[in-house]
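Protein chains in written order, with the numbering used here: chain H, 137 to 320; chain Z, -10 to 154.
There may be inaccurate statements among the hints.
With a cut-off of at most 30 Å between alpha-carbon atoms, the simulated DSBU-like pairs for lysine-lysine come out as follows [claimed, not checked]: (1) Z:K121 x H:K235; (2) H:K310 x Z:K94; (3) Z:K147 x H:K319; (4) H:K310 x Z:K108; (5) Z:K98 x H:K144; (6) Z:K147 x H:K309; (7) H:K230 x H:K310; (8) H:K230 x H:K309; (9) Z:K33 x H:K162; (10) H:K310 x Z:K98; (11) H:K246 x Z:K105; (12) Z:K142 x H:K319; (13) H:K310 x Z:K33; (14) H:K235 x Z:K33; (15) Z:K(-1) x H:K319; (16) Z:K33 x H:K144; (17) H:K235 x Z:K24; (18) H:K309 x Z:K108; (19) H:K144 x Z:K102; (20) H:K246 x Z:K24; (21) Z:K24 x H:K144.
The set of hints was computed from the structure by calculation and includes no laboratory data.
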Amino acid sequence: MEAFEDLKSQWEGQSPSEIPEDGVQKIIEKMKGIKGKQRSTNIILALTVMVLVGFFFYISAYQFQTVMIGLLLMIVTLIVRIVIELASINTINKIDASKDATNFKTRLMKYYNNRVRVHYIFTPIIILLYCIGFVMLLPSFKENLSAGFYTYIWVSSIVLLIVFGLLIGNQAKKELHTLRELKS
Amino acid sequence: MQEYKPNFEKIYQENYQRVIRICMGYVKGDEDLAKDLTQEVFIKVWRQLNSFRNESSISTWIYRITVNTCLLQLRNKKFLKRADAIERLTEVEEEGHPSKENQLKQMYKCIDKLSKDNKGIILLELEGLPQKEIAEIMGLSHEAVRVRVHRIKNSLTKCVNNGSI
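Sequences and hints are given; from them, build the entire structure.
What follows is the structure, encoded as structure tokens:
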């Protein structure tokens, strides 16, 4: 029969972990890596938006109302989605981990509650608007593209929609799990 | 470019052991996962060192970051997967008198059964921190910590001896 004091002495008697000699250096390197990763993410996102906007002008979408509205819907929803994700990353990175645990947990739960709201309210609206935009473009695709390529476009879009739907669903499930764990 | 922080090396050396032990309590004693978590903790310490205002001792400040960083690992898939694998590995019970190592494993398993807050409290208590400091880290009153420490000590001891909380 162990008493708590025995448990405590067992805990204290654990063999000490070796302090990595290059620990500090690794931390500095990782910090540089994090900054570099953030920079590349921003560049990729900016390029994506530039390509979409460039495409909009390249095909002179503004000359055809349906194509313009369809393409604008797709571009705007994509930009909104990206902005929401970036804002979320920014919010979680800004939660001050040096505050006391109760304060930190409250902020973390608020963050995850907002994420759940994003998944259940904003994401379906965004996907719906994106799909509407895409469907509006279909007649123009049909008119201007070969039958084979047209079929390829809508079939691949359905596949992409399913894949992204599953990815987003998976992310939502993971964040709901985290929220439940935090409440436990 | 990161500015050089002359105190950091000293802070790292002085607090590493305690930080890694607290982290091990959050990952059922897996040293590799605890090392990764410890690195995360010290990355946050590095980042926020300039905002440290001496309102508490530097160690209290670091343990706050430790407890919060360990709480954040909940969202990390890598930690969840590894923790489940460890759970399966440690399910093999030893007959008769358990070895010291197995007793420690059992203790980690029992700590894992506690709620997130209670886990933080008991890990800091096991590290020998005064209850006033634990209260400061957890954001609870001294009295609340005193009562909770008493309860958690009982349930942890019961769990290590009987296998359930």
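message: What's the verdict on Z:K147 and H:K319, does the C-alpha distance respect the 30 Å limit or exceed it?
response: Given pair Z:K147, H:K319 holds - Cα atoms ~24 Å apart, limit 30 Å.
- prompt: Has the given pair, Z:K98 with H:K144, been kept, meaning a C-alpha gap of at most 30 Å?
  reply: holds (15 Å)
task: Starting from H:K246, check that the Cα of Z:K24 is at most 30 Å away, please.
output: holds (29 Å)
query: Holds or violated: are the alpha carbons of H:K246 and Z:K105 at most 30 Å from each other?
result: At roughly 17 Å apart (the allowed maximum being 30 Å), Z:K105 and H:K246 satisfy the hint.
- prompt: Does Z:K108 lie within 30 Å of H:K310 when you go C-alpha to C-alpha?
  reply: holds (22 Å)
query: Given the proposed pairing of H:K310 with Z:K98, does the C-alpha separation stay at or below 30 Å?
result: At roughly 23 Å apart (the allowed maximum being 30 Å), Z:K98 and H:K310 satisfy the hint.
- prompt: Has the given pair, H:K144 with Z:K102, been kept, meaning a C-alpha gap of at most 30 Å?
  reply: holds (18 Å)
H:K309 paired with Z:K108 [C-alpha distance capped at 30 Å]: holds (25 Å)
query: Between Z:K33 and H:K144, is the straight-line Cα distance small enough, at 30 Å or below?
result: holds (29 Å)
message: Checking one constraint from the list: CA of Z:K147 to CA of H:K309, max 30 Å. Satisfied?
response: Distance of about 34 Å is beyond 30 Å: violated.
query: Can the restraint linking Z:K142 and H:K319 be considered satisfied, given a maximum Cα separation of 30 Å?
result: Holds, at about 22 Å.
field: Restraint check for H:K310 with Z:K94, where alpha carbons must lie at most 30 Å apart
entry: With a Cα-Cα distance of about 28 Å, the restraint between H:K310 and Z:K94 holds, given a limit of 30 Å.
In this structure, the hints that do not hold are numbers 6, 15, in rising order.
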